[in-house]
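Protein chains in written order, with UniProt numbering: chain A, 1 to 119; chain B, 1 to 561.
Hints are computed from structural coordinates only; laboratory data are not their basis. Values in this document were obtained by computation on a predicted structure and should not be read as measured data. Glycine included, every Cβ here is placed at the ideal spot set by N, Cα and C. Keep in mind that a hint or two might mislead.
As the list claims (entries may be wrong) - Taking CB as the label site, the calculated pair distances span:
(1) R42(A) to L147(B): 40 to 48 Å
(2) V95(A) to T9(B): 39 to 47 Å
(3) A328(B) to R42(A): 54 to 62 Å
(4) Q65(A) to T422(B): 25 to 33 Å
(5) I205(B) to L61(A): 41 to 49 Å
(6) L91(A) to G330(B): 28 to 36 Å
(7) L99(A) to D3(B): 27 to 35 Å
(8) T422(B) to E30(A): 24 to 32 Å
(9) A219(B) to L91(A): 44 to 52 Å
(10) N148(B) to Q65(A): 32 to 40 Å
(11) L61(A) to A328(B): 32 to 40 Å
(12) Q311(B) to I69(A): 22 to 30 Å
(13) R25(B) to E64(A): 16 to 24 Å
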Amino acid sequence: MPHAVGAVAEHEGSPDVTHASPQRPPDHLEQWRRDYWRSNLRLMVVLLAIWAFVSLGCGVLLVEQLNAITIAGFPVGFWFAQQGAIYTFLLLILVYAVLMDRLDRKFGVSERAEEGQEQ
Amino acid sequence: MTDIQLWTTVFIVLTFGLYIGIAWRSRVKETSGFYVAGHGIPAVANGAAVAADWMSAASFISMAGLVAFLGSDGSVYLMGWTGGFVLLALLLAPYLRKWGKYTVPEFVGDRYSELVRTLAAVAAVLISFTYIVGQMNGGGIVFSRFLNLNLTGGVMVAAAIIFVYSVLGGMKGITWTQVAQYTVLIIAYLIPAVAIAQQFTGLPIPQVTFGQILSELNALSAELGLNEYTAAFSERPMVDVFLVTLALMLGTAGLPHVIIRFYTTKTVRGARYSAFWALFFIALLYTTAPAIGAFTKFNLLDGVNGTAVAQLPDWVDNWAATGLVSVADGAETINSVSNDPAAGADLTVNNDILVLATPEIAGLPAPIVGLVAAGGMAAAMSTAAGLLLVISSSVSHDFYFRRIKKSASDSERLLVGRLAMTAAVIVAVVAGINPPAFVAEVVAFAFGLAAASFFPALVLGIFWKRCNATGAAAGIVAGLALTITYMIYTLDVFGTEAHEHILGVSPEGIGSIGALVNVLVAVAVSKATAPPPAHLAELVESIRYPSVPREEEPAGTGERS
Numbered sequence: 001m002p003h004a005v006g007a008v009a010e011h012e013g014s015p016d017v018t019h020a021s022p023q024r025p026p027d028h029l030e031q032w033r034r035d036y037w038r039s040n041l042r043l044m045v046v047l048l049a050i051w052a053f054v055s056l057g058c059g060v061l062l063v064e065q066l067n068a069i070t071i072a073g074f075p076v077g078f079w080f081a082q083q084g085a086i087y088t089f090l091l092l093i094l095v096y097a098v099l100m101d102r103l104d105r106k107f108g109v110s111e112r113a114e115e116g117q118e119q
Numbered sequence: 001m002t003d004i005q006l007w008t009t010v011f012i013v014l015t016f017g018l019y020i021g022i023a024w025r026s027r028v029k030e031t032s033g034f035y036v037a038g039h040g041i042p043a044v045a046n047g048a049a050v051a052a053d054w055m056s057a058a059s060f061i062s063m064a065g066l067v068a069f070l071g072s073d074g075s076v077y078l079m080g081w082t083g084g085f086v087l088l089a090l091l092l093a094p095y096l097r098k099w100g101k102y103t104v105p106e107f108v109g110d111r112y113s114e115l116v117r118t119l120a121a122v123a124a125v126l127i128s129f130t131y132i133v134g135q136m137n138g139g140g141i142v143f144s145r146f147l148n149l150n151l152t153g154g155v156m157v158a159a160a161i162i163f164v165y166s167v168l169g170g171m172k173g174i175t176w177t178q179v180a181q182y183t184v185l186i187i188a189y190l191i192p193a194v195a196i197a198q199q200f201t202g203l204p205i206p207q208v209t210f211g212q213i214l215s216e217l218n219a220l221s222a223e224l225g226l227n228e229y230t231a232a233f234s235e236r237p238m239v240d241v242f243l244v245t246l247a248l249m250l251g252t253a254g255l256p257h258v259i260i261r262f263y264t265t266k267t268v269r270g271a272r273y274s275a276f277w278a279l280f281f282i283a284l285l286y287t288t289a290p291a292i293g294a295f296t297k298f299n300l301l302d303g304v305n306g307t308a309v310a311q312l313p314d315w316v317d318n319w320a321a322t323g324l325v326s327v328a329d330g331a332e333t334i335n336s337v338s339n340d341p342a343a344g345a346d347l348t349v350n351n352d353i354l355v356l357a358t359p360e361i362a363g364l365p366a367p368i369v370g371l372v373a374a375g376g377m378a379a380a381m382s383t384a385a386g387l388l389l390v391i392s393s394s395v396s397h398d399f400y401f402r403r404i405k406k407s408a409s410d411s412e413r414l415l416v417g418r419l420a421m422t423a424a425v426i427v428a429v430v431a432g433i434n435p436p437a438f439v440a441e442v443v444a445f446a447f448g449l450a451a452a453s454f455f456p457a458l459v460l461g462i463f464w465k466r467c468n469a470t471g472a473a474a475g476i477v478a479g480l481a482l483t484i485t486y487m488i489y490t491l492d493v494f495g496t497e498a499h500e501h502i503l504g505v506s507p508e509g510i511g512s513i514g515a516l517v518n519v520l521v522a523v524a525v526s527k528a529t530a531p532p533p534a535h536l537a538e539l540v541e542s543i544r545y546p547s548v549p550r551e552e553e554p555a556g557t558g559e560r561s
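Here chain A stands alone, though its shape is the one from the complex (with noise of 0.2 Å):
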């Protein structure tokens, strides 16, 4: 396997690593990239579902029936409005963080042994 994946993608513009072009990147190669990709996807699709409902929804459209509600001195719709929304961001761009690095390391392309090296 002469040709590492990382060449490809260094020479970015270059013409002759058109992805359609018959010679290479050969299939199996571009199988994982699929997969990756899919699952890249998959994962940041459902972290943007929850991302606008909590913030979105809760937050505003859903906001005064859930005001309905009052746990410790906050009506839950503000609650979610002022500071629950905030924790969910949070909570959500450390789990695709990690869960991107679980697909790196499955993908066998972690970046980790990278980082330290330079500089």
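Since chain A is already given, all that's left is putting chain B on it; use the hints.
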């Protein structure tokens, strides 16, 4: 000199000495160090720098005040300015880092065309400029109160300091200085909040305890002729709350001075974790802000409710000198409070002073007042410095180097960049003295512009290979045109007359519609014209995967430059 002035001076001199010391130690001469700090910043430090860069005078000085006066509808700022980081982390940061270019115009220039690059550079300057005006104004408020100047004098002092140290530093200096600035600003923000939470409830966690005073605050607000604090949609209709929140989110993700930060991490993985750390540091302040808003409003209302004008607390007098607090002529006791001078209430309090005045209103000791002033300056300066950097890089790199003189040397480009900073500061001072609205609102316009221009072009560029240059350019132009037109239509800037909001949509919220129009136009035009050349498809393909060789493969030429 009063105690408060003394302590303010002490803290401002100390912190500024610290920033300038750091900037001097890490000063740079090469272009790459100036703009992206040579890709050598760890994720946690980068996160703190993004947080300082991001949390401007609007976040520090103005936001809690806005939340206090808008009540529940102030949530647009809280959710809008944090929610965008989710979009940034998931949709943009890793891919743009993989691309590894200096600026946003650089990305769209490669992905689309030279025309789009120029358009993006114009948009970057426009957005950064709108944003910087808010910082000048915020810094001006701090100095005018604590150095006893009028607002104009305060803005001049703030601008002079910001200018000196941005021009010195460049990105490497700025990154480490911003880490220091974050530390100063978050300590300055949390100490009064924790002290007040302790005073009120005996538990020093403001995020948890401000719930306990909400029902009393609702009652007190009603007594003084204000809306119930926790009632949703009392200041803005639901459609506007939705649109403003969304515009701030999309704008956050598209802000050039925040995006440029993710080029400074070592790896794509580093970019993902930087986004997490950034939001972590930001959330510390953003979850505290609504607590400060509620506690301070309670203190404020409680302190003046039914009080005779002659017996008002000291802070009213102290702030009256800046013109940001005023008692109505002929009022004898305070029976109504407002943030709107036109409302004719007995006491008018400008949103922007609330955080700065929090320690005074709560009767905290003078050193804390001084610390908060230093924190406010840290917030204004760190953001202004980041913005000046974007303006300078857009002008020197995307205009001068790319369009005018391809042979320009590094030192020549640095000179052009510094000249651009100078020009930007001068114009921003003029605008900062007389902004069209409150600090946070001025800043909100910048987000509308970013939402309508960059965000769709970037996301389509990464996720839709079929998007071509004509489509992207048409989308940006359509989105910006709609947004700017509506802003000018509804605001009285540049001497134009303000018109009524159409369907309740405010000028801060129009960016969401601008973004939608941008996407629709970009998709329609791209479909109607030829697909982008094949090498661009491969280019897009290449940023979707990490560049490290797979472990089963023999070690190849995979190391990055």
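Consistency of the hints with the structure:
1. A C-beta distance of roughly 56 Å is found between R42(A) and L147(B), which places it outside the suggested range of 40 to 48 Å.
2. As the Cβ distance of V95(A) to T9(B) is approximately 46 Å, the hint placing it in 39 to 47 Å holds.
3. In this structure the hint that A328(B) and R42(A) lie 54 to 62 Å apart at CB holds, the actual value being about 60 Å.
4. Against the hinted window of 25 to 33 Å, the Cβ-Cβ separation of Q65(A) and T422(B) comes to about 53 Å, which falls outside the hint.
5. For the pair I205(B) and L61(A), the supplied restraint of 41 to 49 Å is violated, since their beta-carbon distance comes to about 29 Å.
6. The hinted range of 28 to 36 Å is not satisfied by L91(A) and G330(B), whose Cβ atoms lie roughly 53 Å apart.
7. Checked against the given bound of 27 to 35 Å, the beta carbons of L99(A) and D3(B), roughly 53 Å apart, lie outside it.
8. Taking the beta carbon of each, T422(B) and E30(A) are about 51 Å apart, not inside 24 to 32 Å as hinted.
9. Taking the beta carbon of each, A219(B) and L91(A) are about 35 Å apart, not inside 44 to 52 Å as hinted.
10. With their beta carbons about 50 Å apart, N148(B) and Q65(A) fall outside the hinted range of 32 to 40 Å.
11. Under the hint 32 to 40 Å, the C-beta atoms of L61(A) and A328(B), about 39 Å apart, fit the expected range.
12. At about 41 Å, the CB distance of Q311(B) to I69(A) disagrees with the hint of 22 to 30 Å.
13. Look at R25(B) against E64(A): about 54 Å separates their beta carbons, and that is not inside 16 to 24 Å.
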